[in-house]
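Please model the complete structure; the sequences and the hints are all you need to start from.
Protein chains in written order, with the working numbering: chain A, -4 to 297; chain B, 95 to 187.
Simulated from the structure, these hints should not be mistaken for laboratory data. Just to be clear, a hint being listed does not mean it is correct.
[Stated by the list, open to error] With a straight-line cut-off of 16 Å between C-alpha atoms, the simulated EDC-like cross-links for lysine to aspartate or glutamate are:
1. A:K57 - A:D214
2. B:K104 - A:D214
3. B:K181 - A:E153
4. B:K122 - A:D270
[What the hints assert, rightly or not] Derived list of chain A stretches under chain B, where covered just means 3 residues or more per stretch with a C-beta under 8 Å from a C-beta of chain B:
5. 149 to 157
6. 240 to 251
7. 266 to 278
Just so you know, even glycine gets a beta-carbon here, dropped at the ideal spot from N, CA and C.
The lines below spell out each chain.
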Amino acid sequence: MFRPFACSLALLVFAAAIQGCADNVRGGPSTTLHVTSDGHAGLSTGTQAVAPGDDFVEVGSKDDRDKRIVKALIVIDERYESFVQDLNHDRTLLDAGSGIAAVALGVAGTLTSATQAKTNLAAGAALLAGSTAVIDKTVFYEKTVTALVAAMDAGRSEVLVRIRAGMAQELNVYRPSDAWRDLLGYERAGTLLGAVGYVQATSQNTADDNAKKLRGICDLTDAERKEKVCATRSLASANPKRTLATLSAAAKSLGVEGGSTDDEIANALQGHIRDACSPEIGKIRDAFQEAALLTDCDAEDH
Amino acid sequence: MYYRSIPGNKTLQQIQISIANEEAGASKFVENKVALLDQSMANVMKFVELDVGVVPKSATLVLAPSQAPAGGSRDWEGPMLVQGAMKIVDVYR
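Below, the structure is given as C-alpha cells:
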C-alpha cells in the first residue's frame, strides 16, 4: 500500500502536511487492545470498542488468561509486522530532490518543518547517534529506520520476556491487570516513540554506569583464554605461591601499580588481567611464571 | 559493574566464547541490551567484577525457548543480536 514518505515517518504533528495519518501521529500501528462489542477477546476488529481491558478483567483461570494473552500477542505482532513493512516500503520511495518531511522525534522536540530538513536531520542524527556530524539525508533515513526497527524489536523482546515469565505464574501472582499492563507495554514498544525511548534509555544507562569508553570483548584463542583463567586463579588467596613478594615481583614486571599490601596488589593485577587482550595475556603468564606466582592450573582443571 | 560490546553479527557460539573470554578475568555476565553504537545496533553486555581469583562456572547460551542442560540452571533470559537477527537467548550455568 502506497503511503507518502512524510506520512509514514512523522511521529508528532508539527506541520499541516502530515494531517490525516492516524497511525503516524502515534508513530506506530493502531492499538489492538480493545474489546469488541460482540465480546471477542481483546482484539480490535474495527468494531466499536466497549472498553479497554474489560476482557482481561473477566479472566477466571490461568489457562483463560494465557489464551487471551496469546491472542492479543498474535494481533499485536501482525499489526507491527505490517507497520514495519510500510516503513521499509516508504524508505524506497524517498525522493532526494523533493525535500524530506520533518522527522519529529518528539523526545527532543526540536524538529519542526520540512524547510529545515537538513538541520533537522543533523539534529536527529545527533539525538540518535550522540554525535554532531551532518550526514546525507538519504543515508540518515536508511540508518535511522534500520536502527529504529532494531530498537523496536529489542524493546518488544524485553517486554515479551516479562510476559512469558508471567504466563508461567499462577493467576494470583501474574494478575489479569499485570498482563494487561504488559500487553500495553508490548504494543508501545513497537512504536517509533517507543524505539527512541529505548535508545535513549540504553544509551543513558551505558553512559551513567561506565566511566570508561565502551570497548569490545577481546578475541582470544583457546590457549590464551586458559592462560587468562590460570592467571586469575593464581591470584586467589588459596594459592600458596601468592605472597607479597611474588605479587610485588609480578606487578613490577608488568608495570602495574596499586598499593602496598598483598590484597591491594592482587586487586590491581586482577584489573590488569581483566582488561588484557592478546598479546598482553602472554606477558602476564611470563611475568607470573618468572615471579613464581603462577599456580599449577593443570592440576586444578575441572 | 562495567560494559563490553559485541558486534551484532556474531553466532551464538562466538558470543558464548566471548563471554568466557571476559569471565576468565574474574567477572560474571549479568545481562545484555541491544543498543545503538556508532550508528549501528550491537550487543552491550553488563559484567560484574568478582572477587580476586574467582572464575565463574561456564555459561552456556541457548536460543529460547529451551530446557536447562543437565545440572544447569538459568541465569538470564533476554534479547541478543545473533548473526544480525534479534533473538531471545537463555544463559545457563
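For each hint, the structure was consulted:
1. A:K57 - A:D214: violated, 46 Å
2. B:K104 - A:D214: Status holds; Cα separation ~12 Å.
3. B:K181 - A:E153: Holds: B:K181 and A:E153 sit about 11 Å apart, inside 16 Å.
4. B:K122 - A:D270: At roughly 14 Å apart (the allowed maximum being 16 Å), A:D270 and B:K122 satisfy the hint.
5. 149 to 157: Check passed, 5 qualifying residues.
6. 240 to 251: The restraint on the segment 240 to 251 of chain A is violated, since only 0 of its residues have a Cβ under 8 Å from chain B and three are required.
7. 266 to 278: holds (count 4)
Of the numbered hints listed earlier, those contradicted by the structure are 1, 6.
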